[in-house]
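**Q** From first to last, the protein sequence lines are chains A and B.
Numbers given in our numbering equal positions in the first sequence, counted from 1, plus 287.
Numbers given in our numbering equal positions in the second sequence, counted from 1, plus 28.
Hint data in this document are derived by calculation from the structure and do not stem from the laboratory.
All the pointers check out, no bait thrown in.
Below, computed lysine to aspartate or glutamate pairings styled on EDC-like, alpha-carbon distance capped at 16 Å: (1) A/K647 to B/E51; (2) B/K120 to A/D629; (3) B/K100 to B/E111; (4) A/K677 to B/E84; (5) B/K106 to A/D384.
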Amino acid sequence: MKDLTDLTIAEAREGLAERSFSAVELTQAHLAAIKSANRALNAFVLETPERALQMAETSDGRLAKGEGGALEGIPLGIKDLFCTKDVRTTACSHILDRFTPTYESTVTANLWDAGAVMLGKLNNDEFAMGSSNETSFYGEVVNPWRREGSDAPLVPGGSSGGSSAAVAARLCLGATATDTGGSIRQPAAFTGTVGLKPTYGRCSRWGIVAFASSLDQAGPITRTVRDSAIMLAAMAGHDPKDATSADIAVPDFGAAVGQGVKGLTIGIPKEYRVDGMAPEIEVLWQQGIAWLTEAGATIKDISLPHTMYALPSYYIVAPAEASSNLARYDGVRYGLREPGKDVISMYENTRESGFGAEVKRRVLIGTYVLSAGYYDAYYLKAQKVRTLIKRDFDQAFERVDAILTPTTPAPAFAAGEKSGDPLEMYLNDIFTVTVNMAGLPGISVPAGLSSEGTPLGLQVIGKAFDEETMFRVAQVVEDAAGLIAKPNDWWSKL
Amino acid sequence: MSVDRATVFRIARLARIAITDEEAKRLESELTGILDWVAQLDELDTSNVEPMTRVEAMTMKMREDEVTGGFKAADIVKNAPQEDDHYFVVPKIVE
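Bound-form chain A, shown alone (with noise of 0.2 Å):
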């Protein structure tokens, strides 16, 4: 039989049923796969290991009597950014190092409803801003891949890094992640895993810390496309507390998986070809469109004018929202207070010392374009760039069913490579960020392994609310480019 850690979340759920091991033992295999590669990776700021033996053990009573619910007994790593009541959520901030929330996020609760087990939780870059996860206040993780012949560690993406190194690592069955600007999909293709962040308003932002209200998505990360569907199925849903939350009927993600594409038309946009990009991905994406020839879709060259428009209409609508939503953190409230001479000065010192270099680059930039004089030049404008995007996306979807693009336009870089500057790394989610802008679904499947020996992805992008065509699509990718090989494990010998 496979390592209990290697199974996919589906295999797990069938051989919990089957009784041939318990979910204490499942979750047993993980914690210890975590002590082992924590210190190397990086990928958990803080482990729950008691928690999770218990609602493991409540899993087991619920499964011996036939009770069990789609997730019952499987072990999740939660990312930082959601609030876990009494257990310490940081968004991985020192200006929340102290913060026990007294509330379940939704997305928790609904996971946790479902019978999940939660291993800790998971690094991130600081307040989800950054790309390489090297922002967190808890320090670099390390991407379980590493370029062929070489020891130099590569950053796993980010902002989600500690849920796609903990998921490639096996320190987890799935995780929980979020995506304002490709936060799940861009560290899922840098690890070989799958990264799909939902149509906005699919699952509840409620207890989530926030970063740019509307543009923020939970989502899963997984090892398979199927597992995405059945992580999906049991996070997704309307909630009253978010209002943006959409009160739509949750399909059953899974029954799409399996469906294929014939008689689908794939749209192909020609200004995802950009200038830098490896060549490498161009062949990873002519790779993916005969893949799917293969199976039966039609596929169609489509425009998206837009497209170089969306990152600079992204790096003024996430740095102003960013600005209004963290001004919540003033040393009154949650943790963290700087004295100062008076409350003012009391305000700058905790945030001068609470926040790391880029939150406070993106507050400060969010604040200048939302101060007086400047809101319709930049805020506004870039609001109005949205509805462009967005009227790009509908229009190809008159036409196609769904889109295929790179994830990203090179595979992970090494660490420090981009962080002297920020330009430089905002690049990095220049095949995403448009999904944000416009609200749509988009998944990352891997798709093959770079000239350094380390994985590629292909991102699939769906019509709004319409994750099972986008499913479909992305279980011909990952059934024709197999599953791609685990990384070399080096790390639980350190």
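Chain A is fixed; fit chain B onto it per the hints.
**A** Okay, now just chain B, sitting in the frame of chain A:
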């Protein structure tokens, strides 16, 4: 769009973040770089475009006007650095 040192300090004051001279110097060039880069949006004529406010047209839902929570004062102040009898304690504001 060039951001000068004085503007950096003014924004930092608005954002309630204390910054050092050294940070201000770095931010001056970083913020200028980012704002120059976003200026490419000026190429687009958006005079007849509505700003995007939602992904799909949805009507805001109304709920019954009833008590749904409350009496959670202890929860609310639980993470405060300083609290007293369910009040947040802050430095003196009025002399």
